[in-house]
Amino acid sequence: MSDPMAEIRASFFIECEELLESLQDGLQMMDDGSTDSETINIVFRAVHSIKGGAGAFGLDDLVQFAHRFETAMDEVRSGNFHPDSEAIRLFFTCADILGDLVRAARDDTPPPNDQIAPVLEKLDLLVGVEEEEDEDLDFTPMTLSLDLGDTPPLGLDDAGALADLPPLTFDTPVGKGFIISFKPENALYSSGNEPLYLFRALRDLGDLSVRCDISGLPALASIDPNCGYLSWALTLVTEEPEQAVREVFEFVDGLCALSISPLTDDNSALPAPEPEVTYPEPDVIPEIETKAAEAPVTQPEPAQTAPAQSAKSTGAPTQPRATVRVDLERIDRLVNLVGELVINQAMLSQSVVETGLPPNSPVSTGLEEFLQLTRDIQESVMMIRAQPIKSLFQRMGRIVREASASVNKEVKFHTDGETTEVDKTVIERLADPLTHMIRNAVDHGFETTEDRIASGKPSAGIVTLSAQHRSGRIVIEISDDGAGIDRERVKAKALEKGLIPEDAQLSDGDIDNLLFLPGFSTASEISNLSGRGVGMDVVKSAIQALGGRISISSQQGKGTTFSISLPLTLAVLDGMVVQVAGETLVVPLNAILETLTLTDQDLRQLGPETHVVQIRGGFVPLLDLGAELGYREPETSYVGATVLLIGQEDGNRAALAVDAIEDQRQVVIKGLEGSYGRVPGIAAATILGDGQIALILDPTDLVTQASGRTRVRAFPKALAG
Amino acid sequence: MALRDQLRVMVVDDMSTSRGLITNALDSFGIRNVASAADGPSALQKMATSPVHLVISDYNMPGMDGLQLLHSLRSNGATRGVGFLLITGRADREIIDMGKRLGMNNFLKKPFEPAGLRGAIEAIVGKL
Numbered sequence: 000m001s002d003p004m005a006e007i008r009a010s011f012f013i014e015c016e017e018l019l020e021s022l023q024d025g026l027q028m029m030d031d032g033s034t035d036s037e038t039i040n041i042v043f044r045a046v047h048s049i050k051g052g053a054g055a056f057g058l059d060d061l062v063q064f065a066h067r068f069e070t071a072m073d074e075v076r077s078g079n080f081h082p083d084s085e086a087i088r089l090f091f092t093c094a095d096i097l098g099d100l101v102r103a104a105r106d107d108t109p110p111p112n113d114q115i116a117p118v119l120e121k122l123d124l125l126v127g128v129e130e131e132e133d134e135d136l137d138f139t140p141m142t143l144s145l146d147l148g149d150t151p152p153l154g155l156d157d158a159g160a161l162a163d164l165p166p167l168t169f170d171t172p173v174g175k176g177f178i179i180s181f182k183p184e185n186a187l188y189s190s191g192n193e194p195l196y197l198f199r200a201l202r203d204l205g206d207l208s209v210r211c212d213i214s215g216l217p218a219l220a221s222i223d224p225n226c227g228y229l230s231w232a233l234t235l236v237t238e239e240p241e242q243a244v245r246e247v248f249e250f251v252d253g254l255c256a257l258s259i260s261p262l263t264d265d266n267s268a269l270p271a272p273e274p275e276v277t278y279p280e281p282d283v284i285p286e287i288e289t290k291a292a293e294a295p296v297t298q299p300e301p302a303q304t305a306p307a308q309s310a311k312s313t314g315a316p317t318q319p320r321a322t323v324r325v326d327l328e329r330i331d332r333l334v335n336l337v338g339e340l341v342i343n344q345a346m347l348s349q350s351v352v353e354t355g356l357p358p359n360s361p362v363s364t365g366l367e368e369f370l371q372l373t374r375d376i377q378e379s380v381m382m383i384r385a386q387p388i389k390s391l392f393q394r395m396g397r398i399v400r401e402a403s404a405s406v407n408k409e410v411k412f413h414t415d416g417e418t419t420e421v422d423k424t425v426i427e428r429l430a431d432p433l434t435h436m437i438r439n440a441v442d443h444g445f446e447t448t449e450d451r452i453a454s455g456k457p458s459a460g461i462v463t464l465s466a467q468h469r470s471g472r473i474v475i476e477i478s479d480d481g482a483g484i485d486r487e488r489v490k491a492k493a494l495e496k497g498l499i500p501e502d503a504q505l506s507d508g509d510i511d512n513l514l515f516l517p518g519f520s521t522a523s524e525i526s527n528l529s530g531r532g533v534g535m536d537v538v539k540s541a542i543q544a545l546g547g548r549i550s551i552s553s554q555q556g557k558g559t560t561f562s563i564s565l566p567l568t569l570a571v572l573d574g575m576v577v578q579v580a581g582e583t584l585v586v587p588l589n590a591i592l593e594t595l596t597l598t599d600q601d602l603r604q605l606g607p608e609t610h611v612v613q614i615r616g617g618f619v620p621l622l623d624l625g626a627e628l629g630y631r632e633p634e635t636s637y638v639g640a641t642v643l644l645i646g647q648e649d650g651n652r653a654a655l656a657v658d659a660i661e662d663q664r665q666v667v668i669k670g671l672e673g674s675y676g677r678v679p680g681i682a683a684a685t686i687l688g689d690g691q692i693a694l695i696l697d698p699t700d701l702v703t704q705a706s707g708r709t710r711v712r713a714f715p716k717a718l719a720g
Numbered sequence: 000m001a002l003r004d005q006l007r008v009m010v011v012d013d014m015s016t017s018r019g020l021i022t023n024a025l026d027s028f029g030i031r032n033v034a035s036a037a038d039g040p041s042a043l044q045k046m047a048t049s050p051v052h053l054v055i056s057d058y059n060m061p062g063m064d065g066l067q068l069l070h071s072l073r074s075n076g077a078t079r080g081v082g083f084l085l086i087t088g089r090a091d092r093e094i095i096d097m098g099k100r101l102g103m104n105n106f107l108k109k110p111f112e113p114a115g116l117r118g119a120i121e122a123i124v125g126k127l
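For the protein sequence lines, the chains are A and B, in the order given.
Be aware that the first sequence starts at 0, since it is given in numbering that gives the first Met the number 0, and climbs by one per residue.
Be aware that the second sequence starts at 0, since it is given in numbering that gives the first Met the number 0, and climbs by one per residue.
Hints are computed from structural coordinates only; laboratory data are not their basis.
Hints may contain errors.
To be verified - Cross-link-like lysine to aspartate or glutamate pairs, in silico, DMTMM-like; alpha carbons within 20 Å at most:
{"id": "1", "chain 1": "A", "residue 1": "LYS423", "chain 2": "A", "residue 2": "ASP137"}
{"id": "2", "chain 1": "B", "residue 1": "LYS108", "chain 2": "A", "residue 2": "GLU16"}
{"id": "3", "chain 1": "B", "residue 1": "LYS99", "chain 2": "A", "residue 2": "ASP137"}
{"id": "4", "chain 1": "A", "residue 1": "LYS121", "chain 2": "A", "residue 2": "ASP60"}
Owing to the predicted nature of the structure, the values given are computational and were not obtained by experimental measurement.
Please construct the entire structure, taking both the sequences and the accompanying hints into account.
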């Protein structure tokens, strides 16, 4: 077994990431105007916990910074300081630095000291310098006499040995008892308090009689389980002072209607029941008490009994569910095994078919169930790998803040769909391309503040990052409300760089796609932000490496949207198995809109090599898959041919002619790029049930390449969107 | 049989790192009967079925803080005599005074060394 401390240390850094996340959440809520104490507490507690853990590992840089940050948040918490938006921005910066320090400590890299000093200076200006008061707290430990001997540990009814704590003493005058009326509010229950404990504490003070008023109880059908309806009248005969009784209710102060009046001769009889309540059973209380005594600690569960109130009203994250941390490698092994299981199951299905067993034979039906189970297992395994894209979005929030500060533009950051679950690997590999695109958006997408005001826009630009599931894929959009793409300038730049011919006829979409050409940069002066080196071409190939596609749409004066479409998983896909020129190929099912057999009326020929298919009044280019992939020469006629209608993200369509459609099935993706590099038009390969290897098509890549070639042969790359 | 073999401890902290650190330290003292919980309510629930002698709790926790937990423990006949060691990141006078009034047995300021934890425990229950 490895060193336990090293393990705890490793888990500390993981926990820090979670805390940093709730820190960002809390700050975001504050930024959105929440002044709720629980929100501020979330922020404070995150910083506090990071500091606490860091102290245990002697991470001094981290502790010192966290301490200053914590002190500032403590000022906010105690109401001494009311942060404005500038202060909250500073807190965001503090949170970023805190994250940097955590990672520096984790990776043993130098801390960002040059950033820390100015931030601390600002923090001091804002909330004042804290005087380090290490006050000497006098506290004498209270010894517990544990007579353990060989007796087993105490049971619930056997607390005697532990019950000899020194009694609490008070010096207020002594009366002979009190009448207490107590009506809990809902918040009392939702904050985990239990009236029973209060009554027990009172009982410990003297002779207690309890009467429960259930007149407020509605009919069963209209009971709201999150509401309390009971109130109590209690008589306590005691020598203790009123102070002692108030102590009992100290923690529910403000959470109940409470009145405590001294017991006099006039009222020393049991408190009269409320006039309108007439319940024949006099002895409700003891019964309740015995029941509760059997299961003493079932009530205080604030997380479950009242999430609606605390969580919803403050927008605070709900209590985390129980989780287990698992090494990613183990999950990947499982994913791989399930992949093999899918292949194996396909092979088995195939052999059953080949033996000629009837479809209703027990083997066939059993296999059917097996298929369903395999799919369920596969989905569950994929869900293990999936995680909300939120962490990635939060990192982008920082990029926006830093980028806008360095180019002196006011930019707001909005996110949408951050709970969308995405494969962990995809999330990790999206970080770089997204970072670059966000920087680009801030740097190039927005006009200067003056220009924005001049054109009637709000001075602060908005970058929106959104994620959603759309027809079996994940679509991530980065949009800005900036100036839109200046197409004249883009075209001029491309001409100047010799990327397009002088006489090129380009549609708006074609021009926009020029941005993805290697080495393209429109910023007339290279800013210190987007910099040189990495261009949108790198972004595009990173997205493509994930099996994704990127498209762009822009409106002059309104803004630009980049749309990234990604597969849900990198491991399997639903595919249609087709035959082309004697080869077996798999076409991803989600790319296929429909399949049809062509008739004479459907076909039009536009040139010697160019055919189009007429579908419901529109024309769609026809591509001969066999010819496109170089398996054979194009056919002379496509009458009677089977075609797959392919839809693309940009709304364009194409018809792929194939020889035959075989089957529709789930296939395991086996990457090719490691061995062959990127092959145009081919996404990956797979092993079919009969052991045969088949290529998986990338239809969109294929179509865009083909259309580029037929339309503007001079620069196919420019249009490979 | 030494005290450390008998002693049953409940560690309450919302941070798994802290629970790990405390449990690890207790283990190094030879205290093996250690349960842990991430919040006060679940600690109370666990203690209802398997009682302990000593609760070591963090102060700053969401929902129910360490002193509220102490209050709950002291309000319940079955747990009112349990030993209570509060661990705090900020040893404010206010917290300590309140702890005193509620019958806190001892407190320990973060960060602590295992030796400090041992001392704080021994001040409550005697030599381990």
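Taking the earlier hints as the rules, which of them does this structure contradict?
Failing hints, ascending: 1 and 2.
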